[in-house]
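For what it's worth, the working numbering labels the leading residue of the sequence shown as 5, then goes sequentially.
Be careful, since some hints might not be right.
Ranges of calculated distance between the beta carbons of each label pair, as one might list FRET restraints [stated by the list, open to error]:
#: 1; residue 1: 34; residue 2: 141; range: 23 to 31 Å
#: 2; residue 1: 166; residue 2: 114; range: 29 to 37 Å
#: 3; residue 1: 166; residue 2: 46; range: 47 to 55 Å
These are computed hints drawn from the structure, not numbers from a lab.
In this text, all values refer to a predicted model and were calculated from it rather than measured experimentally.
For glycine and all other residues, C-beta sits at the position ideal for the given N, C-alpha and C.
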Amino acid sequence: MLVQQLRTDISYALHKNFKAGVALQCFALFIALSYFYWPQSHLIFDVMSQTKAKYDWVYSAIATALFGGIFPLLVLNALGYKSSRFGAELLCVALFWAYKGIEVDLFYQLQSHWFGDVLNVGTVVTKVAVDQFIYSAFWSVPTIAILYLWKDLGFPKRGFCQYIDRDFWFRRVFAMTISNWLIWIPAVSVIYMMPVDLQLPLFNIVLLFFGLLVAVLSKNEREI
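Start from the sequences and build out the full structure, keeping to the hints where you can.
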């Protein structure tokens, strides 16, 4: 029963966002190809890089709050996922993703420090492996799942830990992890091909779709 429900959760979320996911993956690839093979595009990339370098973690926090939290919630609200706690939910996801933006920015910088910035297959594969199978699997995805569960339950002040059970880890966290790999392994492969100051802006583009996926998984679990 649990396995069947897990399949239902993953299939529902991926089916709901498949076209948007493919479009964003293509867009991420288009950005990378433009950077390496279309010199005229460097004017735009230079602006993005300079903006990120100038505002540093302020940029990381604001941009990630918008793309990871605010925009997906506004879109879901417009599509009919109404909530009586919309204001509180908007504030919650904005603050959470602002923090995550700083965290991811720091992680990208650490990856650059640990493994260097040389563009070759070995470096990119190593960064992707550490990103997806260590950082994301054991920290990023679980913390996102816990935050969204707390939000979906109405921000309970007591008794929240009882919901962090076997069903939660298998249905929500595992489903999100599988979906995360399907979306982010191709995406971060492109991201790690870019200079450090361009990695977070590209991350935020793909994050918009991932934010929608997280929200759909959360809503699906409550409706079933």
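Structure-based check of all given hints:
Separated by about 28 Å at the C-beta atoms, residue 34 and residue 141 satisfy the suggested range of 23 to 31 Å. For the pair residue 166 and residue 114, the beta carbons lie near 35 Å from each other, so the given range of 29 to 37 Å is met. In this structure, residue 166 and residue 46 meet the distance hint of 47 to 55 Å, their C-beta atoms being roughly 53 Å apart.
Violated hints for the displayed structure: none, as all numbered hints are satisfied.
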